[in-house]
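Engineer: Sequence:
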Amino acid sequence: MKIRKLFSATIASLALGLSTSFAADTKVGFVYVGPINDGGWTQIHHENALVMKEYFGDQVEMVYQENVPEGADSERVMTQMALSGADLIFTTSYGYMDPTINVAKKFPGVKFEHATGFKRSENVSTYSARFYEGRAIQGHIAGRMTKSNIIGYIASVPIPEVVRGINSAYIHAKKVNPDVEFKIIWIYTWLDPAKEADAATALIEQGADVILQHTDTTAPHAAAAKAGNVITFGQAADMADFGPKPRVSSIIDDWAPYYIARTQAVIDGSWESVDTWHGIGDQMVGIGEISSAVPVDVKIEALALKFRLASGDYHPFTGPLKKQDGSAWLGDGEVANDGDLAGMFFYVEGINGDIPQ
Numbered sequence: 025m026k027i028r029k030l031f032s033a034t035i036a037s038l039a040l041g042l043s044t045s046f047a048a049d050t051k052v053g054f055v056y057v058g059p060i061n062d063g064g065w066t067q068i069h070h071e072n073a074l075v076m077k078e079y080f081g082d083q084v085e086m087v088y089q090e091n092v093p094e095g096a097d098s099e100r101v102m103t104q105m106a107l108s109g110a111d112l113i114f115t116t117s118y119g120y121m122d123p124t125i126n127v128a129k130k131f132p133g134v135k136f137e138h139a140t141g142f143k144r145s146e147n148v149s150t151y152s153a154r155f156y157e158g159r160a161i162q163g164h165i166a167g168r169m170t171k172s173n174i175i176g177y178i179a180s181v182p183i184p185e186v187v188r189g190i191n192s193a194y195i196h197a198k199k200v201n202p203d204v205e206f207k208i209i210w211i212y213t214w215l216d217p218a219k220e221a222d223a224a225t226a227l228i229e230q231g232a233d234v235i236l237q238h239t240d241t242t243a244p245h246a247a248a249a250k251a252g253n254v255i256t257f258g259q260a261a262d263m264a265d266f267g268p269k270p271r272v273s274s275i276i277d278d279w280a281p282y283y284i285a286r287t288q289a290v291i292d293g294s295w296e297s298v299d300t301w302h303g304i305g306d307q308m309v310g311i312g313e314i315s316s317a318v319p320v321d322v323k324i325e326a327l328a329l330k331f332r333l334a335s336g337d338y339h340p341f342t343g344p345l346k347k348q349d350g351s352a353w354l355g356d357g358e359v360a361n362d363g364d365l366a367g368m369f370f371y372v373e374g375i376n377g378d379i380p381q
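In my numbering, the protein residues as written are 25 to 381.
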């Protein structure tokens, strides 16, 4: 997805540490783990941040820093933002969790919003999306379209969010194709184009003709396009430049309404520490266009599943389901609760291999 050219004349002034030409009432900062042109996770966060900026205009000054490693470097960047007068700081990677908490303690007057984490405090909120709902749709399409019955999955960091996605995709691929097999490669990072491409190539060499990813760049799509006869799914952003094939659909994260609402809360003084976890029904998770490479009947099935998820009529983790070791998890018709999902660190029955510890 290409970044909207919202501020083409002034975009350079938004970089961290540079002043703008107006005296904004509220200063909002964003900390990004990758480059703003990664084609995925960071790019969509930045695009949505720019939507927020456009919405408020000169009332808000926006600053950001890209390519910030998780750990001590991120803590330094957050501290710099707070010292520079930021009223609200969005920290947009899981590994920023402890640094966010640490910096928030030092700046009680600054509000912090941490993406995909679980630690909160009086001035730290958390927010995430139910990506596993989108994975259900991807799994359905993958299960129906694979000819080799081997689906490759590029996994990033071993945390419950990533495990949930793998399980959801597998469950829904298996529902429509009992012969399907998942092969999973963990790359232990959110973004590394070389590792992502190598993982995609390795999975294709193992027979996968479908590649799913929980990583940040378009590198797997490029590898699939080079191999030919492989389909892929966009992650976080549409990645439609690789359509109609290999990219046949995508999960699109829409953070803009949240960024606008939370900035407004700071402006009007109503901000409180909350935990937000929204999905397709709340439009925080979108499904990219299902391309012409997908058979019409499969597209209809996928869209019907999307509407069931959006309405709340169906939950991706509905029993009967067992854990990988064969032990009982969910009975017939039983639905997983949010507590179980938030801490999920096991594969469901049928997935081979171990989750890295």
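Treat each hint with caution, since some may be false.
To be verified - Each computed PhoX-like pair below joins lysine-lysine, with the alpha-carbon atoms no more than 25 Å apart:
no. : residue 1 : residue 2
1   : K171      : K269
2   : K51       : K198
3   : K250      : K219
4   : K199      : K269
5   : K143      : K207
6   : K207      : K219
Calculated directly from the structure, the hints in this document are not laboratory data.
Engineer: All hints, please: hold or fail.
Structural biologist: To see whether the hints hold, each was checked on the structure:
no.	hint	result
1	K171 to K269	15 Å, holds
2	K51 to K198	48 Å, violated
3	K250 to K219	16 Å, holds
4	K199 to K269	24 Å, holds
5	K143 to K207	32 Å, violated
6	K207 to K219	16 Å, holds
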